[in-house]
Structures are given as structure tokens and as C-alpha cells.
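2 protein chains.
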Amino acid sequence: MKLTILGCHSATPRTNTNPTSQVLEIKNNMFLIDCGEGTQVELRRNKIKFSRIKHIFISHLHGDHYFGLVGLVNTFSLLTRETELHIYAPKGLKEVITLQMKLSSSWTNYPLIFHELSSKVSQLIYEDEKVEVHTIPLKHRIYTNGFLFKEKENERKLDINLVNEANIDKAYFRKLKQGFDVENEDGVLIANEKVTKDPLPAKSYAFCSDTVYNEEIIPIIKDCTVLYHESTFLDKNEDLCVPTKHSTARQAATIAKKANVETLILGHYSTRYNGYEEFKNEAQTVFEHTVLAKDGKVFNFD
Amino acid sequence: MKLTILGCHSATPRTNTNPTSQVLEIKNNMFLIDCGEGTQVELRRNKIKFSRIKHIFISHLHGDHYFGLVGLVNTFSLLTRETELHIYAPKGLKEVITLQMKLSSSWTNYPLIFHELSSKVSQLIYEDEKVEVHTIPLKHRIYTNGFLFKEKENERKLDINLVNEANIDKAYFRKLKQGFDVENEDGVLIANEKVTKDPLPAKSYAFCSDTVYNEEIIPIIKDCTVLYHESTFLDKNEDLCVPTKHSTARQAATIAKKANVETLILGHYSTRYNGYEEFKNEAQTVFEHTVLAKDGKVFNFD
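Residue numbers (this note's numbering), protein chains in the order written: chain A, 6 to 307; chain B, 6 to 307.
For the record, the hints were derived by calculation from the structure and aren't laboratory data.
Honestly, I wouldn't trust all of these hints.
Given that identical chains are not distinguished, each listed pair holds provided it fits within a single copy or across any two copies.
Stated by the list, open to error - Below, simulated SDA-like cross-link-like pairs (lysine to any residue); rule was C-alpha separation at most 20 angstroms, straight line:
#	residue 1	residue 2
1	LYS107	LYS250
2	LYS302	THR88
3	LYS155	SER275
4	LYS299	LEU84
5	LYS262	LEU245
6	LYS107	ARG146
7	LYS302	THR103
8	LYS52	THR276
9	LYS208	ASN265
10	LYS107	THR249
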């Protein structure tokens with residue numbers, strides 16, 4: 006599981022900072038999460054192949070989270086993409102994109118599939134053999150979802166020497182990987198744990214931006230491997246959290262602690278601050294394993 | 006008259022090149038012309054004060070000419086702008102911007118005034134004491150206008166020594182600047198040219214992007230000081246001009262020559278080429294005074 010931060014700043018793109026966008030690589034998927042203005046350039050800069058992006062998740066329709074999307078959709082067309090593209094976003098985005106396509110008298114030459122979101126409870130919105138994606142309803146000024154990306158339980162690993170010694174036919178390997186006991190060639194029942202090893206633990210990534218402090222998300226993100234939680238403000242500006250519906254670094258850390266996550270990544274910093282170490286310092290008074298997002302930073306969680 | 010090229014490449018923003026956008030400073034106006042994705046960052050990079058931009062001209066609704074606009078309009082709001090903003094653009098843009106505002110539950114805190122264009126003949130769309138702006142109907146795949154920015158005739162310059170010697174009262178200075186002969190304090194008629202000098206010639210700038218080769222624009226841009234004309238292709242790809250409705254550098258130069266302009270600026274280069282000197286070379290076989298646009302380049306025409 007690998008996370009590339011394309012942008013992690015709030016409000017507006019600036020000369021040296023980008024609005025929210027990130028790429029999560031998980032079980033051979035490249036998921037693009039949010040798409041602020043300039044995302045396509047950051048994808049190029051970070052050498053992420055456009056063709057590998059098949060699913061884009063948009064948290065909400067504030068510009069710093071999606072103004073780069075129509076350009077990306079358009080660029081995919083100019084590059085003669087053929088692979089289908091799925092966009093998971095709040096209701097309304099489809100209208101924005103289709104209106105702009107209509108005005109330019111063009112349409113994509115690849116299938117563009119919108120999955121419009123409007124539910125206020127957590128939903129399973131994507132599933133393949135190895136991964137599930139669920140929404141995390143957040144509390145912000147407009148309808149907003151975070152996203153929980155979960156690896157499915159990995160299969161048990163065969164110890165091929167022990168399997169051969171136990172004289173088990175190949176036909177049973179699949180059942181062994183699934184955790185079943187099987188009969189060997191001599192009709193003897195072989196206990197699964199004698200010939201297999203525990204699988205790698207399934208990993209999960211929760212993306213929560215933008216939101217006011219909200220304990221209701223804790224059951225959804227409980228025990229996840231990595232939590233990205235917005236920290237727009239430092240303690241000294243905590244009074245701004247309620248009117249703007251954002252969080253402080255300390256509040257993000259409190260959620261991380263209560264949800265028992267392994268690692269907390271902070272981001273969505275307000276442009277009022279110079280430098281971000283103070284976000285980490287304030288968060289670490291509550292939750293030690295806190296790291297800072299930074300544009301262009303790659304987190305490897307394998 | 007000063008022109009800053011923020012971006013002059015076609016199709017998509019890339020790591021080192023920007024789509025179309027430029028700022029024309031003329032008689033104390035800062036006119037933003039087209040607004041591809043990333044324009045607000047380029048404005049910052051070129052240290053152009055956001056508050057000085059009061060009029061934005063959008064040629065057409067292909068993404069590489071306007072996808073940066075909604076972000077700029079939004080950023081102006083975040084920066085608590087109060088000055089009114091006028092946008093001159095093809096019909097449809099207002100719907101795009103207002104839809105996106107509606108979806109983000111916000112509106113600008115400054116007056117945002119759309120001037121929607123749909124006429125197929127040249128129109129006067131802006132006028133103040135010193136400048137006029139006219140549309141230049143272009144032929145492209147969708148409805149497109151270029152823009153002609155014209156200084157009004159400057160006033161004649163008083164030679165204050167000669168004026169005093171001629172014993173003319175201050176009350177007549179205005180009439181002298183306007184070119185009239187006036188009576189002096191002794192009742193003698195003073196010929197205007199005896200006490201005034203010719204004004205600086207009025208300058209003009211014609212922006213023509215995107216368009217197929219089209220001689221119909223020549224009467225509109227005739228004798229203008231500077232012509233920016235798109236040159237998407239080199240001669241070797243001239244066959245692409247008709248289907249895509251773009252021009253070669255040589256065609257741009259032919260228009261410049263026939264319109265008797267002083268300077269031709271080339272831009273809107275296709276991303277298929279490496280380096281742009283060949284555009285200049287091909288154009289200069291037809292029109293000597295050709296220069297190349299380049300992102301970040303400033304042309305001073307005073």
C-alpha cells in the first residue's frame with residue numbers, strides 16, 4: 006500500500022503548494038482521491054501513468070478538491086484514452102462535467118461512468134477481488150464523504166515444503182489458502198495450520214478531509230492502518246473550527262487515538278501558517294505516531 | 006502597452022508549459038485574456054496583483070482557454086475581494102460558473118458581471134475614456150472570438166513655452182489638446198499646430214487564438230500595432246489545419262502581412278514539437294517582424 010501526496014493544502018493553489026489530491030496504490034489499483042486544480046500536472050511530475058487511474062473519488066464539491074477534474078477528464082480524451090473511468094462524487098458533479106463537455110462540443114472517447122453519492126450513511130461504493138471502498142460520512146459545510154479503502158483478508162500462505170511432505174494434491178491448494186483442513190493422498194485429514202502460514206494482515210487507509218471534529222466516524226475507521234485526517238488549524242485558531250467546519254491537528258490526533266489507528270497523516274493546512282512542524286507537535290501530545298503530508302511525499306506502508 | 010504571456014501552449018497543462026492565458030496592460034487597465042488551468046498560479050509567479058484585474062476576456066469554451074477561470078473567481082472570493090469583476094465570454098460560461106458556485110453553497114462577495122457573447126460580427130464590448138475592446142469573430146470548431154484592444158487617439162501635447170508666449174488662457178488648454186485653434190488674450194487666432202505637438206500614436210493589440218486561416222479578420226485588425234495569432238502547426242502538418250481549425254506559423258504570418266501589422270507574436274504551439282524556433286523561421290519567410298510567445302515572457306510595446 007503506497008500513498009503519493011500530490012497536494013495537501015487548503016483553499017487555493019499557490020506557487021509552491023497544491024490543493025488536495027493524492028494517489029493510493031493498493032492491490033494493483035491506482036485510486037485518485039480528490040483532484041484540486043493542477044492535479045494533472047502533479048500526476049506528471051510524480052510520474053504516475055494516467056492510464057493506470059481507473060477510479061477517482063471526490064470527497065466534496067469545494068473547488069480545492071475538484072477543480073482539476075474536468076481538465077484531467079479532458080486530457081485523458083486528448084491522449085486518446087480508451088479505458089473506462091469511474092468517478093465517485095457527490096451528486097452534481099456529473100452535471101458540471103457534462104455541461105462543460107457540451108459547451109466544447111465534445112465527449113470522451115472512453116467510457117466515463119459517474120457514481121453519484123448522496124447517502125448520509127456509510128456505503129460500499131467499490132469492490133473487486135482484493136479491495137473494498139466505503140464512504141465515511143463527514144460533517145462539513147456541504148455534503149462531504151471521506152473514503153475507507155480496505156484490503157480484503159489476504160489468503161493463507163502455503164509452506165510448499167510442508168505441503169509436499171504431507172502428500173497433498175495440488176487440487177486442494179486453493180482450499181488450503183482459504184483456511185480449510187484437507188485430506189491428503191492417503192486419506193488423512195491435515196490440519197490447515199500445519200502446512201500454511203498466517204497471511205499478511207489486510208491493510209486499510211481512511212481519507213478524511215474536510216470535516217469538523219466528529220466522533221461518529223470512529224466506528225467506521227476503527228483499527229485502520231493509516232488515517233489521513235485534515236488539520237486545517239492549530240490550537241490557537243481552534244475557534245475557527247466550528248464556523249468553517251474544519252479540525253485542528255490535536256482534534257485529528259484525538260480521532261486517531263480513539264479509533265486506534267496505526268499511523269496518522271496530517272494535511273489540508275491553512276495557508277495562514279508558515280511551516281508545519283507545529284501541527285505535528287500539537288498532534289503528538291495526543292497521538293505519537295503522527296506524520297505530516299507534504300506535496301510530492303510518498304508513503305510506503307508495506 | 007505591455008503584454009505578459011502566462012501560457013501559450015495548446016491542449017493541456019504540462020510540467021513546464023501552460024495553456025493559453027495572458028495579461029495586457031494598456032492605459033492603466035490590466036486585461037486578463039483567456040484563463041487555462043493554472044492561470045492563478047502563473048499570475049502569482051509573475052507578480053500580477055489580483056486586485057488590478059477587473060476584466061477577463063475568454064475567447065472560447067475549450068478547456069485549455071478557460072478551465073482556470075472558476076478557480077480564479079473562487080480565489081478572489083477567498084481573498085475577500087470587493088472590486089467588481091467583468092467576464093466577457095461565449096454564452097454558456099455563466100451557467101458553468103454559477104452551477105459550480107451553487108454546488109459549493111457559495112457566491113462571490115464581490116459583484117461578478119457576465120457579458121455573454123453570441124454575435125457573429127465584430128462588436129464593441131468594452132469602452133472607457135482611453136481604450137476600446139472589440140471582438141474579432143474567428144473560425145474554430147466552436148464559437149470563438151479574438152479581441153482587439155485599441156487605445157483611443159491620444160490628445161495633442163501642449164508645448165507649454167509656446168503656449169505661454171502666445172498668451173493663451175488656461176481655459177483653452179483642453180480645446181488645444183483636442184486639436185482646435187483658439188483665440189489668445191489679445192483676440193488673435195492661434196493655429197493649433199503652432200503651440201502643440203503630435204500625440205503619441207494610439208496603439209492596438211489583436212489577440213487571435215484559436216482559428217483556421219481566415220482573411221475575413223483582416224479589415225478588423227488592419228494596421229494594428231501587435232497581432233498575437235495562433236500557430237498550432239508547422240508547414241509539415243498543414244494538413245491538420247482544416248480538420249482541427251487551427252493555423253500554421255506561415256498562415257499567421259500571411260495574415261500579419263496582409264493586415265500590415267507592426268509585430269506578430271506566435272503562440273498556441275502544438276505539444277507535438279520540441280522547440281519553437283522553426284515556427285519563427287517559417288513565419289519569417291513571409292513576415293520579418295515575428296517573435297515567439299513563451300510562458301513568462303513580457304513584451305513591452307512602449
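Cross-check of the supplied hints:
1. For the identical chains of this complex, LYS107 and LYS250 are inter-copy neighbours only, at 19 angstroms across copies versus 35 angstroms inside a copy, given an alpha-carbon limit of 20 angstroms.
2. For a Cα distance limit of 20 angstroms, the shortest separation of LYS302 from THR88 qualifies neither inside one copy, at 28 angstroms, nor across copies, at 38 angstroms.
3. Proximity of LYS155 and SER275 under a CA criterion of 20 angstroms is satisfied in neither setting, with 29 angstroms inside one chain copy and 42 angstroms between copies.
4. For a Cα distance limit of 20 angstroms, the shortest separation of LYS299 from LEU84 qualifies neither inside one copy, at 29 angstroms, nor across copies, at 24 angstroms.
5. Proximity of LYS262 and LEU245 under a CA criterion of 20 angstroms is satisfied in neither setting, with 23 angstroms inside one chain copy and 60 angstroms between copies.
6. In this homomeric assembly, LYS107 and ARG146 come within 20 angstroms of each other (Cα to Cα) only across copies, at 13 angstroms, whereas the closest approach inside a single copy is 30 angstroms.
7. In the homo-oligomer, the alpha carbons of LYS302 and THR103 never lie at most 20 angstroms apart, since the shortest distance is 33 angstroms inside one protomer and 35 angstroms across protomers.
8. When the C-alpha separation of LYS52 and THR276 is checked against a cutoff of 20 angstroms, the pair qualifies only between copies, where the shortest distance is 18 angstroms, while the shortest distance within a copy is 27 angstroms.
9. In this homomeric assembly, LYS208 and ASN265 come within 20 angstroms of each other (Cα to Cα) only inside a single copy, at 14 angstroms, whereas the closest approach across copies is 68 angstroms.
10. For a Cα distance limit of 20 angstroms, the shortest separation of LYS107 from THR249 across copies, 18 angstroms, qualifies, whereas the shortest one inside one copy, 34 angstroms, does not.
This entry does not satisfy hints 2, 3, 4, 5 and 7, going by the numbered hints stated previously.
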